[in-house]
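Asks: In case you want the letters, here they are:
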Amino acid sequence: MTTVQTILRWRGPDGGVRGWFGRQPRLVRWTLLAAIAAGAYALPYVGEVPVIGPQIVTEGVDWRTALFNISYFVLLALGLNVVVGFAGLLDLGYVGFFAVGAYTVALLASPNSDFKTNWPWLATVPVAIVITMISGVLLGWPTLRLRGDYLAIVTLGFAEIIRIFAENTTLLRGDRGFSGIPHPPGKHADGTPIFGVRDAGPYYWLGVSLIIVIVLAIRNLDRSRVGRSWLAIREDEDAAAIMGVRTFKYKLWAFAIGACVGGLGGVMFAGQNGFMNSASFQIQFSVLILAGVVMGGSGNIAGAILGGALISYIPDRLRGVEIAGQDAFQYRFLMFGIAIILIMIFRPQGLIPSRRRAMELKDRAKEVAPQ
Amino acid sequence: MHFDDLAHNWGPLTASGLAQGAIYALFALGYTLVYGVLRLINFAHSEVFMVGSYAALITWGFFGLDENSATPPATEVIGYVVLGVLVAAAISGITALVVELVAYRPLRRHNAPPLAFLITAIGASLVISEAVGVATHRNQRGVPPLIQPADAFTIGNTHVTNLEILIILLTLVMMVGLDRFINRTRLGRGIRAVAQSPDTAALMGVNKDRVISLVFLIGGLMAGIAAVMYLFKIGTTRYDAGFSLGIAAFTAAVLGGIGNLRGAVVGGIIIGLFENYGSALFGSNYRNVVTFVVLIVILMFRPSGILGEALGRARA
Amino acid sequence: MRQGLVRALGGAAILALVVGAAGCNSGSDNDGGGGSSGGGKNCGYKIAFMGALTGSAANLGINIEQGYELAIKQYNEKNGADCIQVAKFDTQGDPAVAPGVARQAVSDPKVIGVVGLPFSGESEAAGPILNDAKIPNISPAATNPTLSTHGWTYFHRAVATDKNQGPAAAAYIQDVLKPQKVFVADDQSAYGSGLAEAVKAKLGPMVVATDKTSADGKQTDFSAIVQKIISSGATVFFYGGYYTNAGLIRKQLTAAGWKGTMVGGDGVKDPGFAKAAGNAAAAGTVVTCPCAPASEAGGTFVADYKQTWNQDAGTYSDVAYDATNIFLKGIDEGNTTPEKMNEFLKTVEYTGVANTYKFTDTGELDPQYLKVWAFKFDASGVDQPVQQIKLTS
Chain L
4 MTTVQTILRW
14 RGPDGGVRGW
24 FGRQPRLVRW
34 TLLAAIAAGA
44 YALPYVGEVP
54 VIGPQIVTEG
64 VDWRTALFNI
74 SYFVLLALGL
84 NVVVGFAGLL
94 DLGYVGFFAV
104 GAYTVALLAS
114 PNSDFKTNWP
124 WLATVPVAIV
134 ITMISGVLLG
144 WPTLRLRGDY
154 LAIVTLGFAE
164 IIRIFAENTT
174 LLRGDRGFSG
184 IPHPPGKHAD
194 GTPIFGVRDA
204 GPYYWLGVSL
214 IIVIVLAIRN
224 LDRSRVGRSW
234 LAIREDEDAA
244 AIMGVRTFKY
254 KLWAFAIGAC
264 VGGLGGVMFA
274 GQNGFMNSAS
284 FQIQFSVLIL
294 AGVVMGGSGN
304 IAGAILGGAL
314 ISYIPDRLRG
324 VEIAGQDAFQ
334 YRFLMFGIAI
344 ILIMIFRPQG
354 LIPSRRRAME
364 LKDRAKEVAP
374 Q
Chain R
389 MHFDDLAHNW
399 GPLTASGLAQ
409 GAIYALFALG
419 YTLVYGVLRL
429 INFAHSEVFM
439 VGSYAALITW
449 GFFGLDENSA
459 TPPATEVIGY
469 VVLGVLVAAA
479 ISGITALVVE
489 LVAYRPLRRH
499 NAPPLAFLIT
509 AIGASLVISE
519 AVGVATHRNQ
529 RGVPPLIQPA
539 DAFTIGNTHV
549 TNLEILIILL
559 TLVMMVGLDR
569 FINRTRLGRG
579 IRAVAQSPDT
589 AALMGVNKDR
599 VISLVFLIGG
609 LMAGIAAVMY
619 LFKIGTTRYD
629 AGFSLGIAAF
639 TAAVLGGIGN
649 LRGAVVGGII
659 IGLFENYGSA
669 LFGSNYRNVV
679 TFVVLIVILM
689 FRPSGILGEA
699 LGRARA
Chain D
194 MRQGLVRALG
204 GAAILALVVG
214 AAGCNSGSDN
224 DGGGGSSGGG
234 KNCGYKIAFM
244 GALTGSAANL
254 GINIEQGYEL
264 AIKQYNEKNG
274 ADCIQVAKFD
284 TQGDPAVAPG
294 VARQAVSDPK
304 VIGVVGLPFS
314 GESEAAGPIL
324 NDAKIPNISP
334 AATNPTLSTH
344 GWTYFHRAVA
354 TDKNQGPAAA
364 AYIQDVLKPQ
374 KVFVADDQSA
384 YGSGLAEAVK
394 AKLGPMVVAT
404 DKTSADGKQT
414 DFSAIVQKII
424 SSGATVFFYG
434 GYYTNAGLIR
444 KQLTAAGWKG
454 TMVGGDGVKD
464 PGFAKAAGNA
474 AAAGTVVTCP
484 CAPASEAGGT
494 FVADYKQTWN
504 QDAGTYSDVA
514 YDATNIFLKG
524 IDEGNTTPEK
534 MNEFLKTVEY
544 TGVANTYKFT
554 DTGELDPQYL
564 KVWAFKFDAS
574 GVDQPVQQIK
584 LTS
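Protein chains in written order, with this note's numbering: chain L, 4 to 374; chain R, 389 to 704; chain D, 194 to 586.
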């Protein structure tokens with residue numbers, strides 16, 4: 004009976020692990036978080052752990068690259084979580100910002116670019132951040148007056164427009180793409196670059212570091228006046244406006260911040276891959292990131308991290324799995340789809356639901372007539 | 389910018405754009421019905437359509453018809469077409485029902501937040517299209533030449549074919565029938581009631597689950613019919629055929645005013661036409677840009693679509 | 194409370210599903226046993242395939258993979274069932290996915306050669322990794338000329354580039370079809386647009402109008418481009434792209450009553466073209482290919498492929514089959530490390546079903562063996578060789 008009770012307590016919004024976590028002194032909480040972060044840094048070596056390790060690492064794709072992919076998916080999920088989870092704006096075209104970030108790097112740094120600037124990777128980062136923020140504002144300005152699903156289809160349209168221009172204009176080189184995009188700087192003692200082509204580990208560690216910075220920033224933002232305004236807008240935009248929240252301004256902020264984080268994901272991606280073309284910015288990608296955010300728990304940073312990691316990890320992990328002696332790689336998106344449905348059916352609020360949202364929904368449930 | 393192209397080809401572009409728009413309209417009805425009642429973007433609807441297109445091809449395959457068969461005599465053609473439409477509509481309808489049962493109903497039971505439905509819809513869409521992809525080796529399948537396109541009439545350089553007329557007429561018939569069904573029948577009243585206020589409708593004795601199933605079924609039937617029309621117009625189908633078409637159809641639904649049946653038809657026709665005009669003006673590769681720009685501009689002036697939201701005058 | 198329990202159990206079930214799936218590893222790393230069952234002398238190695246096996250370009254990748262796997266199967270029939278192992282890596286045709294699978298492939302010490310990657314984009318992304326790891330690869334389909342300009346010493350390709358094929362296709366149009374007006378379109382892929390650009394450059398003012406379509410799977414309604422072709426008065430339509438779109442356009446052109454000749458590159462030389470268009474519409478379509486007809490080489494490739502995979506060999510199936518056989522020949526001759534294999538590739542001269550292969554220093558096909566043939570689809574949907582096109586440049 005006690006085990007059952009433990010499981011049940013784990014679920015409750017205020018009981019269980021999370022309640023316990025919240026009641027601990029500040030020092031304990033920070034120590035635990037630091038331990039989790041350290042664990043994240045050590046993930047490339049998880050294969051060495053006996054028994055469990057080999058179950059975790061991917062088979063058909065390099066484990067460290069899979070981890071790097073997870074890191075930029077998590078970045079994207081964090082950014083989209085600001086837009087969808089915090090501000091409640093349904094954005095189906097998030098990949099557009101990812102593309103803007105990646106293309107900024109490519110245009111400024113690749114020898115294929117018409118600009119011929121050949122900047123190092125690091126120098127492009129601040130420019131990419133500024134440009135993606137501007138693109139977020141530009142995109143948000145005309146569209147944020149729309150609500151709900153109208154916004155969704157318009158953002159989807161914008162992402163498609165960005166992709167089509169990337170495919171068609173000579174400046175953005177379409178499917179031919181940009182090669183020779185420089186990697187992040189740094190050299191080992193023996194002169195070999197830290198960020199080489201074979202080992203994706205350093206890129207992953209850079210990604211984790213970036214994630215930690217972004218998480219701290221977003222967390223502080225969420226607890227500030229801005230975050231409270233987002234909450235108000237998400238719950239009832241009209242009421243928020245009446246109470247004096249400048250809804251348009253804060254929605255625009257959410258868009259710009261989301262865009263900026265998504266753009267950073269693109270910057271990381273371009274720096275690791277070394278080559279990029281228009282093939283990597285399909286609508287399906289936006290949809291997948293959204294699935295990650297909602298699966299993890301929309302409106303919750305921990306949830307977004309978990310969800311973003313899972314949407315990258317599950318299909319990669321399913322490579323090299325055998326069903327009845329046959330390599331089942333071609334079934335992996337099928338299985339992934341089933342996993343998405345199951346997760347949502349059994350945990351409709353997401354794997355780690357937002358506490359605030361859980362309470363709101365509980366509240367709302369009372370209003371609904373019994374079935 | 390090729391204004392001369394557009395001006396010179398305006399007639400033929402309009403004719404084929406209308407036919408394509410009619411297919412979008414039929415397809416969009418499913419999105420709009422489900423949205424009107426559940427406020428849910430049914431992402432899996434594109435796969436309902438795709439399954440319908442395969443159902444028709446497999447049915448014709450039973451009679452030994454493939455892309456290389458000779459066109460059968462006219463009386464048989466009518467039989468095959470009717471049979472294909474019926475089977476496709478039935479299979480699409482059943483698929484839509486299954487999606488509702490497996491992916492949405494459990495969530496409704498759990499009183500899940502709206503976004504959760506969107507995500508299971510995405511999951512369902514992945515499952516269906518990948519399953520078909522694996523089964524068909526991800527190759528396309530050609531359509532038997534049941535209807536040989538022939539000019540029905542010609543105005544200037546505009547050749548309107550029998551097929552285009554068939555597609556447009558069928559859409560109009562379906563649309564009028566559905567409109568009457570929603571507005572005049574008892575079941576239709578139930579749908580409108582649930583769309584207006586699900587809880588009040590439930591208190592008034594409307595079986596909500598049944599109404600929702602009915603809505604999915606109707607949407608599926610329309611998608612099946614659209615799928616057969618698509619087969620005749622386009623000529624092949626593939627496991628991912630639904631996706632981009634679904635985006636266009638959903639755009640059409642939003643453009644016309646989502647939740648509004650007549651809006652879906654208006655939106656579908658506009659998208660069909662502008663895709664063609666845009667292709668002529670800027671090149672075929674920019675057709676979707678034109679579509680989305682039209683959408684954004686219209687939504688700026690009419691933020692809830694051309695005809696506004698409302699499932700048959702229900703929602704104010 | 195009961196519902197809470199159910200949900201908690203559900204969560205556990207999901208966890209079990211993921212972990213359970215993870216539990217049944219293929220374990221391909223450690224089952225080695227170095228060709229213990231093989232009868233041949235050099236067994237226990239792997240030749241990897243990388244390419245799109247899922248995603249919207251999967252049909253192209255599967256054609257190539259099946260050609261590759263057929264070659265290994267036939268080799269193993271002679272040399273023992275597990276002599277050379279198949280190692281398939283799915284890139285989804287996406288340059289974002291390619292580096293991860295390339296790193297995985299090169300980390301396996303048994304892999305001494307890679308057949309792939311089929312597309313130019315993913316080749317660009319994976320090329321530096323293969324080169325750094327010193328694993329030779331032979332691409333059976335990547336045609337972008339820039340690939341050989343990066344100084345990758347382990348890169349090879351078994352096809353002619355767009356630079357070679359485009360002018361040949363244009364020459365055929367000029368000399369054989371002799372049209373007044375030509376309409377050129379492409380699908381914006383590196384392959385398709387490269388080919389179309391080359392054709393446009395050679396044909397000059399004969400090209401009266403051009404257009405671009407979306408990539409395979411992104412567009413199915415071609416009524417606008419069909420109308421443009423008809424109203425341009427062109428009697429020849431060149432399409433740079435793959436057979437999925439080409440078949441659809443061909444069908445819709447015929448339905449709209451266009452009577453001209455469609456010409457495509459080797460991306461259209463696939464039974465899938467006739468399947469999409471229907472044999473009647475496909476008949477008369479000309480495709481160029483930097484390959485010789487399979488009948489020239491003799492052998493039973495076409496029949497073997499059909500028998501093994503229960504479908505006809507498609508675009509590049511034959512090239513992949515040849516590329517794999519080049520590696521297998523290298524293994525037969527005792528080149529069992531990647532470095533030795535790469536040395537072998539520098540000197541090998543191999544005649545396969547599609548071509549005779551000899552690589553230059555940059556990994557391109559030796560120009561003296563470059564042949565471009567024209568094929569024409571007949572009334573039964575089979576592409577029959579017409580003539581070899583003289584390369585004049």
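Note that these hints are calculated values from the structure, not bench results.
None of the values given here were measured: they were computed from a predicted structure.
Don't take every hint at face value.
[Claimed, not checked] Short derived list, chain D residues pointing at chain R, Cβ under 10 Å:
| hint | residue |
| --- | --- |
| 1 | Thr-247 |
| 2 | Pro-398 |
| 3 | Thr-406 |
| 4 | Ala-469 |
| 5 | Asp-554 |
All residues carry an ideal CB built from backbone N, CA and C; glycine is no exception.
Asks: Now look at each hint and say whether the structure bears it out.
Replies: Each hint, compared with the structure:
| no. | hint | in the structure |
| --- | --- | --- |
| 1 | Thr-247 | holds (7 Å) |
| 2 | Pro-398 | violated (18 Å) |
| 3 | Thr-406 | holds (5 Å) |
| 4 | Ala-469 | holds (5 Å) |
| 5 | Asp-554 | violated (37 Å) |
Hint compliance for this structure: hints 2, 5 are broken, all remaining hints hold.
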